[in-house]
Amino acid sequence: MALDTRKYEKKHTELLRDTRPLYIRFGEWLKKPDSTFAVCFIGCATIYFYDLALLTGDIILFFYLIFLWWLLTRSRALAFKMPLGAKYKDPRNSGPGNSGKAEGILYLGNVDKTNEEVWFTNSDARTHILYLGTTGAGKTEGLKSMVTNALTWASGFVYIDGKADTDLWSSLSSLVRRFGRDDDLLVLNYMTGNSDTKAPSNTMNPFSSGSASYLTNLLVSLMPNAEGDNAMWKERAVALVAALMPVMTWKRDYQEIPLSVSTIRDALSLNSVIRYSRDPAVPDHLKAGLRGYLDTLPGYIDSAFDDDGKEKPAGPDQPMVDTTTPRQQHGYLAMQFTRSLQSLGDDYGYIFDTQAADVDMLDIVLNRRILVVLIPALEKSSDETANLGKIVAATIKGMMGSTLGSTVEGESATVIENKVTTSATPFMTVFDEVGYYTAQGMAVMAAQARSLGFCLIYSAQDLPAMEKRVKEEARSITANCNIKIFGKLEDPTQTKEFFEKTVGSTLVMEASGFQLSGGSASTGSYYDTKQAGLQIRARASYDALRGFKAGQACIAFGDMVIDTQIFYCAPGFAKAMRVQRFVALPPPDEQLLRNAPVITKVRDLLVHKTWTAAKAEPKTPTPDEIEAMAGALKYSEKAKLSGTQAGMAAVAGVHILHNPADLETSSGNAGSTSGITPAAAGPAAPSAPAAPPLTAQRPATPPAGTSPIAQVISASRSSGNAVPPASVPPLTTTPPAPPPAAPVPPPTNETPAAASGNPMSFFAKKPAGGEPPAAPAPVAAPVLPATTETPAADAASGKSGKPISWEELVNAPEPEGPKPIETSPPPAAPGSKAPEVDDETRAILERAAKDLQDKIGGKDDGNAS
1 MALDTRKYEK
11 KHTELLRDTR
21 PLYIRFGEWL
31 KKPDSTFAVC
41 FIGCATIYFY
51 DLALLTGDII
61 LFFYLIFLWW
71 LLTRSRALAF
81 KMPLGAKYKD
91 PRNSGPGNSG
101 KAEGILYLGN
111 VDKTNEEVWF
121 TNSDARTHIL
131 YLGTTGAGKT
141 EGLKSMVTNA
151 LTWASGFVYI
161 DGKADTDLWS
171 SLSSLVRRFG
181 RDDDLLVLNY
191 MTGNSDTKAP
201 SNTMNPFSSG
211 SASYLTNLLV
221 SLMPNAEGDN
231 AMWKERAVAL
241 VAALMPVMTW
251 KRDYQEIPLS
261 VSTIRDALSL
271 NSVIRYSRDP
281 AVPDHLKAGL
291 RGYLDTLPGY
301 IDSAFDDDGK
311 EKPAGPDQPM
321 VDTTTPRQQH
331 GYLAMQFTRS
341 LQSLGDDYGY
351 IFDTQAADVD
361 MLDIVLNRRI
371 LVVLIPALEK
381 SSDETANLGK
391 IVAATIKGMM
401 GSTLGSTVEG
411 ESATVIENKV
421 TTSATPFMTV
431 FDEVGYYTAQ
441 GMAVMAAQAR
451 SLGFCLIYSA
461 QDLPAMEKRV
471 KEEARSITAN
481 CNIKIFGKLE
491 DPTQTKEFFE
501 KTVGSTLVME
511 ASGFQLSGGS
521 ASTGSYYDTK
531 QAGLQIRARA
541 SYDALRGFKA
551 GQACIAFGDM
561 VIDTQIFYCA
571 PGFAKAMRVQ
581 RFVALPPPDE
591 QLLRNAPVIT
601 KVRDLLVHKT
611 WTAAKAEPKT
621 PTPDEIEAMA
631 GALKYSEKAK
641 LSGTQAGMAA
651 VAGVHILHNP
661 ADLETSSGNA
671 GSTSGITPAA
681 AGPAAPSAPA
691 APPLTAQRPA
701 TPPAGTSPIA
711 QVISASRSSG
721 NAVPPASVPP
731 LTTTPPAPPP
741 AAPVPPPTNE
751 TPAAASGNPM
761 SFFAKKPAGG
771 EPPAAPAPVA
781 APVLPATTET
791 PAADAASGKS
801 GKPISWEELV
811 NAPEPEGPKP
821 IETSPPPAAP
831 GSKAPEVDDE
841 TRAILERAAK
851 DLQDKIGGKD
861 DGNAS
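Residue 447 in the UniProt record's numbering sits at position 447 of the sequence shown, with consecutive numbering throughout.
Since the hints were made in silico from the structure, they are not lab data.
Take every hint as true, because none was put in to throw you off.
Restricting the straight-line Cα-Cα distance to at most 30 Å, the calculated cross-link-like pairs of lysine-lysine (DSBU-like) are: (1) K31 - K87; (2) K10 - K32; (3) K468 - K234; (4) K101 - K89; (5) K251 - K312; (6) K32 - K530; (7) K850 - K638; (8) K31 - K101; (9) K575 - K380.
Please model the complete structure; the sequences and the hints are all you need to start from.
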């Protein structure tokens, strides 16, 4: 039968006795705001209602001044810490390493009886929080209120919910919208509603960043536990992925090959392992691990496979190689990752199987974004739920490892004080219902995350729920959480023991007994005996936790244990919710990556205040052709040549610049080619039948060096306006076999100069269209030596050992010795005239010369030749 507690139960607080002196108790009463107001009100009322009190007004004023001084000198310490911005010193924040100032930033609620605010500093919050409470204790609402602090800091948080309640997503969306942080809200939604459709969610690729060892440990953490003989296969599988992952990360970083769940699953095949071990682009020290794995694979023969990992066909004299054994042995190792990779790539491929992911944990923490992870414990098996929690916890752990730093040298301001996680506020990470997905490594996070600026909050219904999966990890987590919050609890076994050991015990004064007074037991009353004794009692009663309502909790921090009402942020529910969707950007261009330093320098110059393009522009070198044309036009102007002749000289200057061997021909013997026999030139091509025969006489050969154009070119060359010519190789001809009879050349409309191949023959005058010229007499083919060389060619070729100048090359005399036999032109018909340039050709040449002269800076004198 249950005991009637209304009659017989005596609360423990009623038996306690305050044994402090009276003046201490009275002073504590005066410090209360209500008591202070009562004292002031009584004094004012006395002066107002009693005239005699006016006589003692000075005394009353003096008394209140002393009372005011006494109030100002009293300690204003709160239950834990004072809020940041308070103008009073915080006695609870003093001591070594503390400033003594008010630095509280984390607000949790108010003390039940005194209504004092409960604040914790940044340093206190980074010692982590443990929140235990059964169903209906208000844990979720309390956790929402805690993360509201992070939003007031303009910071972010990660909230991992093991229940995957959609109400949580709605309320957090509303809360984030209040602070204008909608664009920072991301969600990983594993809920599918027991259907095969993809749930709306952001994407995350845990393999897009991180070192090879980190990704190896991530894959190993997803493998099931193995014992006995299976442990050997697991160890070999770990060796396989440890040898393969460095090659995969190298290709990701240097060849920009995306690394995802699908690529890892494909790379575990034996063909891919062989192909990677022979990839010439991969460094040898990375391929050494794969070669070592293949060498220890039973039955593997390297020569039996090609570079793509396929089996080579056996030759006619070669025996067949059995590749079944190595493939079977490799399959045993690859199957160790089948379950985990299948879950990530197929069941949750809409989240993990992506190359450009939305969620980057390093970006979440450093840029203070908000991530909500919904893990449905009811929809998934316990192992599946644990794997999902492992991935998120492993990514957070890997991010923490990347922020530790990698150098131990340098200035303290750079190495220590300038860490990316160093901040005035911590980054909150909430693990709600952590018992469903507790994984190896969480205890390390709780032990070392303090120095990295993290505030980890672990929440569970009771202690056995936390120890369900990894008992040692759960115990280490509870030991590393300095702020412990106990809500309503019902577990009478392990949780009760943990609570009593956490709050501890103390010495209190209790009434020793009661004595009947005033009659019998039915008519009299019981009073205490006015005696009290010391007793050892717990600082908080576990039985009292059962009577807590939603939001009530007992907070234990250090040696303080206080009943608190957790504040309620009342976020409400969002009227409309949506998942942030991002546009995936293509990978950066390789050319841009290579030219990134140059682009950075150009950008720095453009933003410089005094830099201009005109000042920094280097002098552009003038091309040799322009200098040759300018020099020719300059001296043509001095020689008072016409525009046509000046243009001809300019064009000839460019030609001789590239063909220095033709200079002697154009200046000394225009109209013929020196040093080249007619046999080498070959017979002229027959012309059209309607063309008239040649009747024009060959012009007289001018003396060497007397041509105006040659003089202009020689002067321009000697002035140094152009690049000196290259040496001229000797001209050699091979005598042809003597023909039986010299044929008569057919009539042609070309001039002798044009037929000779002279580059200046274009400007030779054409014969007039008069009577046809007489056919030339046949000439016998002479027998010539094998090689004919000219002195000019000798000098140009450098045989004399002395460099040749432009003047010597232009004014070189006619070569002595055997000369090439030239065919005399037919005599001109009586009454015929020398051909002249027609008007259209002359106009074109003059216009071209004038344009060229204007561009370079010269002026046409306008004289026509």
